[in-house]
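Kindly generate the complete structure, drawing on both the sequences and the hints.
One point on numbering: in numbering that gives the first Met the number 0, the residue at position 61 of the sequence shown is 60, and numbering is uninterrupted.
It cannot be assumed that every hint is accurate.
Pair by pair, the computed Cβ-Cβ distance ranges are [as the list claims (entries may be wrong)]:
#1 M43 / G78: 29 to 37 Å
#2 Q81 / M40: 41 to 49 Å
#3 M43 / T161: 41 to 49 Å
#4 I47 / G109: 12 to 20 Å
#5 F13 / M43: 22 to 30 Å
#6 V54 / M77: 28 to 36 Å
#7 E33 / S80: 41 to 49 Å
#8 G109 / S80: 40 to 48 Å
Note that these hints are calculated values from the structure, not bench results.
Every residue gets a Cβ at the ideal spot worked out from N, C-alpha and C, and that includes glycine.
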Amino acid sequence: MRISTLKSKKILVFFVAFSCFCFSAMVQMGLSMEDLVTGTMGFMILAIGLVLAFVSMIMAMTSLVKNNAKNIAVMKAMGFSQKDSFKTIFLGYIPFAALGFILGTFYQYGLLSIMINLVFKDVGNVPEYNFNIPIFFITLLLFIVCYASILFVYLHRINKITIKEIVLDS
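Structural data, given as structure tokens:
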């Protein structure tokens, strides 16, 4: 059922990966630009990335729960545990979230490297850009906490779905 959920919801897979990509790229970029630009510019990049990431993740997860409400209710009626419902609906998206995070990391590093080494190579007093490992691990930790929190909120939502609700809506 997990594979059919992923195949039928390809756009949701994209939005989950995209939100994680935005989170990774923009948070790391915003935090690692302190030597390159003013704090205001870094904060703006950070804020834009967080808003974009959270809005796209919430849209994707809300749509996922709504589209699978019947499946969740049937699973509950058949005696499946909360854990089984969670695994069936959400577990397939975790690899795509990780892929989005990894691609976002490479993207921000590549973009900043190109900007510094190619675009601004003739400008004086531009510091050399290197990958910021502490910022990467801080972002990874924040990502895990945020993603787990969002999954926890939606796990709570799927627990509230009843078969009566689904029958009355149909």
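Against the structure, the hints:
1. M43 / G78: 29 to 37 Å: This hint is violated: roughly 51 Å between Cβ atoms.
2. Q81 / M40: 41 to 49 Å: With Cβ atoms ~44 Å apart, the hint holds.
3. M43 / T161: 41 to 49 Å: The hinted range 41 to 49 Å holds for M43 and T161, with Cβ atoms some 44 Å apart.
4. I47 / G109: 12 to 20 Å: This hint holds: roughly 19 Å between Cβ atoms.
5. F13 / M43: 22 to 30 Å: Given range 22 to 30 Å: holds, Cβ gap about 26 Å.
6. V54 / M77: 28 to 36 Å: 34 Å, holds
7. E33 / S80: 41 to 49 Å: With Cβ atoms ~47 Å apart, the hint holds.
8. G109 / S80: 40 to 48 Å: Given range 40 to 48 Å: holds, Cβ gap about 43 Å.
In summary, the structure is inconsistent with hint 1 from the numbered list given earlier, while agreeing with all the others.
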